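Here is what each chain is made of, one letter per residue.
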Amino acid sequence: MTAPPRNARRIVRDIAHARAGDKGNTSNVNVWAYDAADFELLKRVLTAERIKRTFPDLIRGKVERYVIEHLHGLNFVLHDALEGGVNSSLNLDSHGKSWSYLILGLALDDDKA
Amino acid sequence: MTSAVFRIGTGAGFSADRLDPAIDLVERGKLDVLVLECLGERTVAFSHRDRMADPERGYNAHLRRRMQALLPVCAAAGTTMITNMGAANPRAAAARTLEIARALGLKGLKIACIEGDDVSAVVPANQPFMDEVGTLADVGMPVVGMNAYLGADAIVPALVAEAGVIIGGRLADPSMFLAPLAHRFGWDAADMPRMGAGSLIGHLLECGMQITGGYFADPGVKDVPDLANCGYPIAEVQSDGSAVITKLDGTGGCVTTSTVKEQLLYEVHDPARYLTPDVTADFSRVQIAEVGKNRVKVSHASGTARPQTLKVTVGFDGGFQGEAGVSYAGPAAQERGRLAAQIVRDRLSRVHGIKSDLRIDLIGVNSLFATAGISAADAQDLRLHVALRSPAKEDAELMLWEVESLLCCGPAGGGGFRGSIVPCVMTKSVLIERERVKPTLSVFVA
Chain S
990 MTAPPRNARR IVRDIAHARA GDKGNTSNVN VWAYDAADFE LLKRVLTAER
1040 IKRTFPDLIR GKVERYVIEH LHGLNFVLHD ALEGGVNSSL NLDSHGKSWS
1090 YLILGLALDD DKA
Chain W
1126 MTSAVFRIGT GAGFSADRLD PAIDLVERGK LDVLVLECLG ERTVAFSHRD
1176 RMADPERGYN AHLRRRMQAL LPVCAAAGTT MITNMGAANP RAAAARTLEI
1226 ARALGLKGLK IACIEGDDVS AVVPANQPFM DEVGTLADVG MPVVGMNAYL
1276 GADAIVPALV AEAGVIIGGR LADPSMFLAP LAHRFGWDAA DMPRMGAGSL
1326 IGHLLECGMQ ITGGYFADPG VKDVPDLANC GYPIAEVQSD GSAVITKLDG
1376 TGGCVTTSTV KEQLLYEVHD PARYLTPDVT ADFSRVQIAE VGKNRVKVSH
1426 ASGTARPQTL KVTVGFDGGF QGEAGVSYAG PAAQERGRLA AQIVRDRLSR
1476 VHGIKSDLRI DLIGVNSLFA TAGISAADAQ DLRLHVALRS PAKEDAELML
1526 WEVESLLCCG PAGGGGFRGS IVPCVMTKSV LIERERVKPT LSVFVA
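Protein sequence lines, in the order shown, are assigned to chains S and W.
First residue of the first sequence: 990, per my numbering; consecutive thereafter.
First residue of the second sequence: 1126, per my numbering; consecutive thereafter.
Source of the hints: derived by calculation from the structure; they are not laboratory data.
Careful, some of the hints might be misleading.
Calculated pairs, DSS-like style, for lysine-lysine (alpha carbon to alpha carbon, straight line, at most 30 Å) [what the hints assert, rightly or not]: (1) Lys-1086/S <-> Lys-1051/S; (2) Lys-1041/S <-> Lys-1086/S; (3) Lys-1012/S <-> Lys-1041/S; (4) Lys-1155/W <-> Lys-1086/S; (5) Lys-1041/S <-> Lys-1518/W; (6) Lys-1051/S <-> Lys-1032/S; (7) Lys-1012/S <-> Lys-1347/W; (8) Lys-1436/W <-> Lys-1051/S; (9) Lys-1563/W <-> Lys-1012/S; (10) Lys-1086/S <-> Lys-1032/S; (11) Lys-1563/W <-> Lys-1436/W; (12) Lys-1518/W <-> Lys-1012/S; (13) Lys-1012/S <-> Lys-1032/S; (14) Lys-1012/S <-> Lys-1051/S; (15) Lys-1155/W <-> Lys-1422/W; (16) Lys-1012/S <-> Lys-1086/S; (17) Lys-1480/W <-> Lys-1518/W; (18) Lys-1480/W <-> Lys-1086/S; (19) Lys-1563/W <-> Lys-1086/S; (20) Lys-1051/S <-> Lys-1563/W; (21) Lys-1480/W <-> Lys-1012/S; (22) Lys-1012/S <-> Lys-1232/W.
Residues from chain S that keep clear of chain W, each with C-beta distances beyond 10 Å, as calculated [stated by the list, open to error]: (23) Arg-999; (24) Leu-1047; (25) Asp-1082.
Being a predicted model, the structure only gives us computed values, none of them experimental.
Note that the Cβ used here is the ideal one computed from N, Cα and C, for glycine as well.
Whenever a hint applies, use it, and build me the whole structure from the sequences.
Written out as structure tokens, the structure is:
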């Protein structure tokens, strides 16, 4: 891997990986720290409140966060977050498969934003 | 002759999954059971539409090719096949499979057909939705089919009957894996920790390559070797319900703790309460450990009592969806694309009076993430993408015409029109008491 340019914004993708799934109009995104040492940072940065606040038009319902401490993972359940679900969404990605990269694209340093 | 380890593999994780790696898996994998999971919620509804058009159809579109290729190798390897490729018409799928088996000379092969998942006769029109306000009657679209998720208890009798091929419709994904494990190891259906353990193995394997490196690669951070040649997964299962997830030597992909973790909570909400027809599975304390190259051990899944109700997917005829696009590139491509979008929106409403659901994206600027508020400000190579859904096919046809007309009547430099119209389905979920669902078994001999 090449070193990131100086002053590059560090994002969740730098320390974690993720996969999104859908059931009805509910999306879930599981996020895993590559390194156990980064899990505390991941937990601090990725709060349910931050995710809800960052995507107000997309996530219309509540956001729940489950912590899988021993595997260094977080599971976010995003209610009413699929533009009506695969039945009614006209988004090209009607399953919200790409929502994992919404989370992975969040900055690691502006969790108070 | 019965080995202590039960070898179960996946030969399809969705309706359009690959065939050639499944053949390889059976030829070299020494499998006891091969599962082909080919049914999503909406796939069943689409299959019902197919069956309405032709009573001899309504099963998986690739069934013939899959059976022709896999029946001989499964017979040679002594591998039992379990699949929900029957979709909306398991009886026709079994009949077609029987013909193929006979044509291949597989005399004596037993083909089991599991039915009873079609519950359209027992679900009332005013049944309330499972997870939202309202009832089926509120949808206002024609129902195309209703299928209850059948569990392992519907599949075990076919294993007892020593069928070589077991075909059903809406067999629940993990149940197709749990049933042969419970049958081989003599697990009691009331032994909830074992039901949970077997369901974990099913859950991990049901999406095929999503646990062997498929849907995982992210160059630079998650590199996957030889992804084009990715192998399907195998679980080597012990009688206590623990298992090693692996794949064939010589195939691409990878099995690592990371690939297993991503699949562990795929489409799972509360990790301690994953509902299947067989168990309320608890994945919250699962242990995942690498025990060799491309070998990951999973253990410590558990479970509590199964739900008293079964989930039913109700499919409706959702009309038609049209999609059409024109591309713009170079200086001010975004301005020209946005002008094109305004023109289409205006003319569909004002000239044609179309009130259908309409969405217009600029692919390259913001499409998937449009609602999330993320866009690429400097994009200069983009595509206007117009999507419309309507009960009337004519609305979709008019939309395609309007988008194509941009070639001469729209902003400068637009090119590359394409358009298509596809039928739509809509699905809703309801719950019914499990006593009202009566699975049946028929066995045919080639």
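### Query
If you draw a straight line from the CA of Lys-1051/S to the CA of Lys-1032/S, is it 30 Å or shorter?
The given pair, whose Cα atoms are some 18 Å apart, holds under the 30 Å limit.
### Query
Regarding the pair Lys-1480/W and Lys-1012/S, is the alpha-carbon distance no greater than 30 Å?
28 Å, holds
### Message
Does Lys-1518/W sit within 30 Å of Lys-1480/W, going by the straight-line distance between their CA atoms?
### Response
13 Å, holds
### Task
For the pair supplied as a hint, Lys-1086/S and Lys-1051/S, confirm whether the alpha-carbon distance does not exceed 30 Å.
Within the cut-off at roughly 19 Å; holds.
### Task
Would you check the hint for Lys-1012/S and Lys-1347/W, treating anything up to 30 Å between C-alpha atoms as holding?
Holds. Lys-1012/S to Lys-1347/W sits at ~26 Å (cutoff 30 Å).
### Query
Is Lys-1436/W close enough to Lys-1051/S, meaning Cα to Cα at most 30 Å?
Distance ~24 Å between Lys-1436/W and Lys-1051/S Cα, so the pair holds.
### Message
Would the hint linking Lys-1563/W and Lys-1086/S be met if the CA-CA limit is 30 Å?
### Response
Given pair Lys-1563/W, Lys-1086/S is violated - Cα atoms ~35 Å apart, limit 30 Å.
### Task
Starting from Lys-1012/S, check that the Cα of Lys-1086/S is at most 30 Å away, please.
11 Å, holds
### Query
Hey, does Asp-1082/S actually stay past 10 Å from chain W on C-beta?
Violated, because the least Cβ-Cβ distance between Asp-1082/S and chain W comes to about 5 Å, which does not exceed 10 Å.
### Task
Given the hint that Lys-1155/W pairs with Lys-1086/S, test it: the Cα-Cα distance must not exceed 30 Å.
34 Å, violated
### Query
Given the hint that Lys-1012/S pairs with Lys-1051/S, does the C-alpha gap stay at or below 30 Å?
15 Å, holds
### Query
Is it true that the CA of Lys-1563/W sits at most 30 Å from the CA of Lys-1436/W?
14 Å, holds
When held up to the earlier numbered hints, the structure conflicts with 4, 5, 19, 20, 22, 24, 25 and fits the remainder.
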